[in-house]
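Enquirer: Chains as they are written, first to last, in the working numbering: chain A, 1 to 286; chain B, 1 to 532.
You may find that some hints are simply not true.
The calculated lysine-lysine pairs, modelled on DSSO-like cross-linking and capped at a C-alpha distance of 30 Å, are [unchecked claim]:
#, chain 1, residue 1, chain 2, residue 2
1, A, Lys225, A, Lys187
2, A, Lys127, A, Lys111
3, B, Lys226, A, Lys240
4, A, Lys111, A, Lys240
5, A, Lys269, A, Lys111
6, A, Lys127, A, Lys75
7, B, Lys423, A, Lys77
8, A, Lys121, A, Lys265
9, B, Lys423, A, Lys75
10, A, Lys187, A, Lys269
11, B, Lys493, A, Lys77
12, B, Lys423, B, Lys486
13, A, Lys265, A, Lys225
14, B, Lys193, A, Lys75
15, A, Lys225, A, Lys240
16, A, Lys187, A, Lys127
17, A, Lys187, A, Lys77
18, A, Lys127, A, Lys240
19, A, Lys269, A, Lys127
20, A, Lys75, B, Lys493
21, A, Lys75, B, Lys486
Calculated directly from the structure, the hints in this document are not laboratory data.
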Amino acid sequence: MTTAKIQPLLRGLTAALALAPLLAHAEWGNLNLPHGVTPYSETVYELHMLILWVCVITGIGVFGAIFYSIVRFRKSKGAVAAQWHENTFVEFLWTAVPAVILVVMAVPATKALIMMEDVSKSEMTIKVTGLQWRWRYDYIDQGVFLYSGLATTSNLARQLNSGIDPHTVENYLLEVDHELVVPVGRKIRFLTTASDVIHAWWVPALGWKRDAIPGYITESWALIKEPGVYRGQCAELCGKDHGFMPIVVRALPEAEYLVWLDQQKAAQKPKTAAIDQGNQHIAATR
Amino acid sequence: MSETTAHDDAHHGYRAGGVKRWLTTTNHKDIGTLYLVLSLIMFFIGGAMAMIIRLELFQPGLQFIEPQFYNSMTTMHALIMIFGAVMPAWTGFANWLVPMMIGAPDMALPRLNNWSFWILPFAFTLLLSTLFMPGGGPAGGWTMYPPLVLQTGEAFPFLIFAVHLMGASSIAGAINIIATVFNLRAPGMTLMKLPLFVWTWIITAFLLIAAMPVLAGAVTMLLTDKFFGTSFFSAAGGGDPVMFQHIFWFFGHPEVYILILPAFGIASAIIPTFARKPLFGYSSMVYAAASIAFLSFIVWAHHMFTVGMPLAGELFFMYATVLIAIPTGVKVFNWVATMWQGSMTFETPMLFAIAFVVLFTIGGFSGLMLGVTPVDFQYHDTYFVVAHFHYVLVTGSIFAIIAGAYFWLPKWTGHMYDERLGKVHFWLSTISVNVLFFPQHFLGLAGMPRRIPDYAVQFADWNMVSSVGGFVFGASQLLFVVAIIKCARGGVKASAQVWEGAHGLEWTLPSPPPFHSFSAPPDPATIEGGMR
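Produce the complete structure using the sequences and hints provided.
Expert: As structure tokens, this is what we get:
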């Protein structure tokens, strides 16, 4: 390497080193997909790692050959160019081998997809509605619904030049006023729709995201294995506050979930009763 | 024909001076230059928007701009870079090179050529003027998905008409290139002797003609939905918002190959030159490019796996998508085989071309990962996607454009560029572009959605690294401008051949080439001996 090549490299490295202390408090661990907490999320994780390794190994082969050529076949070292430019066997090989690898990868991918799309035998249904810029959750057949928007602490801190350091806000941009509470161990069917523009409901720990589209109701499912709080965000550009409509799912053991559900029913009774009354009135006047 | 060859440059020598020359020119070199200069200007306008984006994302919290303006920056950055920087650059290269490479005097349709260029400054003036309108610029993403895009303010019709104009310009450019290649090839220049840059451009031109009218139709329906009471895409009126996505991506996926195919052609010109060895697998390169183009029309819905298509649809689009890996792999393997047992030197164009092969392949890998539907449910609309398409567009298309510029600048200007400056530009760009985009893979996998102006604090560190890479990459491109200006103004005289290993008709012309490239057809023996 000539000095002309090395100098900028060194400059880059120095810049990177100068940055290091700045980033000393870093949280560098978050580099990969989460394993997640549903049967599906684990399958997705494994599939992701499989393809990643196929790519890494292919990459090592291809880039290895390039770097070997760069070192070995350089004119400055007296390399003389060969003049061959075709080889049917090699060309067949590097068409056929990738084709076989792709077929092998397609098998687990197809299985995973079939599993993902199978919403049968679900034990409860939650309708998710996206609206600018909140989520509405309806517990179908339970008479319970709630709106879920960005928590006030985050909302204050995220204003332009708010003067509040986001690092001091707990779960900055990932906290809501009302969480979606679900039981563990039940297969939950999610019906996703929207009332204004397209949104997308995404909690990485569940292993999928689904667009919420006005005029469409799409199905997905999750079976959460472990109690816990799982956070996500809207994943489809939906206007100015797209970055500010988080999702929080709190998965509770069955008994605790039922207690929560009863509380909600009690709290919402006056509201739902009024709605029922209104509906009856409409029905009667027809 | 005999009449035109009988004329010499003296007759066509009338050239208006100053601005009028550039407004009225029908010469392929002048128009090529206009395209390339416009592309460079747009590259910096779009780049400035990228700098604003990376500045706001440097730290969590909002420090500089409001979310709505942020959204218009991401939207405009994409539109400017795709339609303003990359596409005109390819048409500029085609204008300069296609006639010289096929042994023609000029393009087949010179007045159309002038017109197709001069539409563009108006298109981008319309588009950029929206930033100063009430309600701001378009902010619904370059994909213009309804219903969100219908919430755009006064900018909306300007956005639609700008897209119409860009499309019309592209179609005219594509027609011109097809007409030129099919009618003006020198005797002896058979199709399977065409340089790969010409081949990839013909394929690109057919993609343009097939895809751009579809986009025009889609945005026209948006226009009537907004102003004339139709409900093509409004569920409330019986329309279908997902239909727009199908139509848009039927254009959009061929579009990404429109952006990358000419890059394949440039890599296929540069690598054999500096490896001093014929391109490996010429015919398989042609067939691979054609297969990629064909497949590009049957994979569009992989951009919309999360809309909730039927299982059969998802499976079909997954299989078709991963198939693209095969012809793309063939191309990459062929470039590697071209270098193998070559006699390589590493001038700036070769450095950028090798970086193109390596980094484009990384983008190809992430593309393969994204094509697998069940995992795409996680990757979709995250920074993983942002990393993917910047690897294929910046280190793919843009690196190939830069490589091509350094490669042919001596031919175009008659002077060698500053090699040392070119190398500094290369190393700064290549290191910083990876600092800029590689961490975005991590951000996406860790759960950061794209198109957000602010993020949760666990994403802070990699965003800061990415921004630093962005600022260095942005600043490094100023060196490119310096290199171009220096080269245009003077320098060591370039020979006709320029590069020791250069082959092809353009290298038989003097540097700089005459005003009309080949006023008499070249000797068929040159074609026979020169093509590799």
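Enquirer: Is Lys127(A) within 30 Å of Lys111(A), Cα to Cα?
Expert: With a Cα-Cα distance of about 26 Å, the restraint between Lys127(A) and Lys111(A) holds, given a limit of 30 Å.
Enquirer: Between Lys193(B) and Lys75(A), does the CA-CA distance stay at or below 30 Å?
Expert: Between Lys193(B) and Lys75(A) the Cα gap is close to 28 Å, so the pair holds against 30 Å.
Enquirer: For the pair supplied as a hint, Lys187(A) and Lys127(A), is the alpha-carbon distance within the 30 Å limit?
Expert: With a Cα-Cα distance of about 14 Å, the restraint between Lys187(A) and Lys127(A) holds, given a limit of 30 Å.
Enquirer: Could you grab the alpha-carbon distance between Lys75(A) and Lys493(B) and see if it respects the 30 Å cut-off?
Expert: Within the cut-off at roughly 24 Å; holds.
Enquirer: Given the hint that Lys423(B) pairs with Lys77(A), test it: the Cα-Cα distance must not exceed 30 Å.
Expert: Within the cut-off at roughly 20 Å; holds.
Enquirer: Given the hinted pair Lys225(A) and Lys187(A), is their Cα-Cα distance within 30 Å?
Expert: 10 Å, holds
Enquirer: Please work out if Lys269(A) and Lys127(A) have their alpha carbons no farther apart than 30 Å.
Expert: 19 Å, holds
Enquirer: Quickly compare the C-alpha distance for Lys225(A) and Lys240(A) to 30 Å and report which way the hint goes.
Expert: 35 Å, violated
Enquirer: Lys423(B) and Lys75(A): Cα distance at most 30 Å?
Expert: Holds, at about 18 Å.
Enquirer: Between the alpha carbons of Lys493(B) and Lys77(A), is the straight-line distance 30 Å or under?
Expert: Given that 30 Å is the threshold and the Cα spacing comes to 28 Å, the pair holds.
Enquirer: Does Lys225(A) sit within 30 Å of Lys265(A), going by the straight-line distance between their CA atoms?
Expert: Since the Cα atoms of Lys265(A) and Lys225(A) sit roughly 25 Å apart, the hinted pair holds (cutoff 30 Å).
Enquirer: Is the Cα-Cα distance between Lys187(A) and Lys77(A) 30 Å or less?
Expert: Not OK: Lys187(A) and Lys77(A) at ~66 Å, beyond 30 Å, violated.
Violated hints, in rising order: 4, 5, 6, 15 and 17; the structure is consistent with all others.
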